[in-house]
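Number of protein chains: 2
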Amino acid sequence: MGYKAEVGLSNKHLHLKSEDIETLFGRGHTLTPTKDLKQPGQFACEEKVDIVGPKGTLKGVRVLGPARPETQVELAMTDARAIGITAPVRESGKLSGTPGIKLIGPAGEVELDYGAIVALRHIHLSPAQALEAGVKDKDIVSIQFGGERGVVFNNVLVRSGEGHESEIHLDTDEGNAAGLNNGALGEILK
Amino acid sequence: MGYKAEVGLSNKHLHLKSEDIETLFGRGHTLTPTKDLKQPGQFACEEKVDIVGPKGTLKGVRVLGPARPETQVELAMTDARAIGITAPVRESGKLSGTPGIKLIGPAGEVELDYGAIVALRHIHLSPAQALEAGVKDKDIVSIQFGGERGVVFNNVLVRSGEGHESEIHLDTDEGNAAGLNNGALGEILK
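For the protein sequence lines, the chains are A and B, in the order given. Those letters in the first sequence? Residues 0 to 189, by numbering that gives the first Met the number 0. Those letters in the second sequence? Residues 0 to 189, by numbering that gives the first Met the number 0.
Hints are computed from structural coordinates only; laboratory data are not their basis. C-beta atoms are modelled at their ideal positions from N, C-alpha and C, and glycine is treated no differently. Please note: incorrect hints may appear among the correct ones.
Said to hold, decoys possible - Below are the DSS-like pairs computed for lysine-lysine, each with C-alpha atoms no more than 30 angstroms apart in a straight line: (1) 93(B) - 58(A); (2) 37(B) - 58(B); (3) 11(A) - 58(B); (4) 37(B) - 101(A); (5) 47(B) - 3(B); (6) 54(A) - 135(A); (7) 11(A) - 37(B); (8) 58(A) - 11(B); (9) 11(B) - 11(A); (10) 16(A) - 58(A).
To be verified - Residues from chain A shown here face chain B by an in silico Cβ test under 8 angstroms; the list is partial: (11) 88; (12) 90; (13) 95; (14) 172.
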């Protein structure tokens, strides 16, 4: 039996740099946490923005904190297509060459030059959990889910180190394709 | 190497019985074909309807023809959630116990008592193609797709017989989770 971890399904969301937080929400504004996420130090915020593409708008998309060095918009492919952009599958933070998009907040707008991605599916593991699973940071693994929409996801990135905690991150397309709810167990295939 | 087939991605759509066609589009109305589908005798129609759930509306959803004995609405799970219904994963035509939904056409409305499903993923094969693939009607197989979002879909239903032609049918959630475009090749795993 391979190592098992719970899935955490990511709805469309965004991370903001401090400058964009002020533009969207007002001078001196800082993010208001509403809920801690499983990854240590990460939290959902009260703040929401509208994301505008050439063919439509995604209303009220949740901001996740804390502030980051660069603003990053994470969409499922279904979301990206709905607003008319083609967002590439990327690891978090690898934003070079990604499409821009417009953000609208209560205090202002930001026209991003880049930053819209479809998140590369990945599994977070603490160093001890990675050891137990027999994998290491940056490995590419396959993860299996059972059930009536049973799936094996290949090309899942391992992200391990301090500040990571066991959790498989999939987006809503991936979760729905596999018929998953939060907390469903996936198994790393060896 | 297993048998390979092209994928056909199904966007949300519906099949209508004759009575509902007349209610939605007018007395004596028959469907207007615009494009033949790969499955023999099946076609996309000019007609579109709005699909209304408790939390939202899917505008302009395509009708597929010909008319069927029962009206059936096929949604991706993402679509179903967007309008606030929980549609079960079902084989086409197995509508007992499925949720109802409201349809709005240019000439009238239909309040379905049942008929909203998420299509069970399946592969169509002619009798000769099934023989070549080494599978038979109603088998459950696994189908692999490569690429950066490479996936193995388990629990894929084989539908084979006269009137079927080689094609893997996935919905938009499944296609996006695997990063597929129409015509991508999937391989039946043995």
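Taking the numbered hints from earlier one at a time, note which ones the structure violates and give those numbers from smallest to largest. Checked against the structure, the hints that fail are numbers 1, 4, 5, 6, 7, 12 and 13, while the rest are satisfied.
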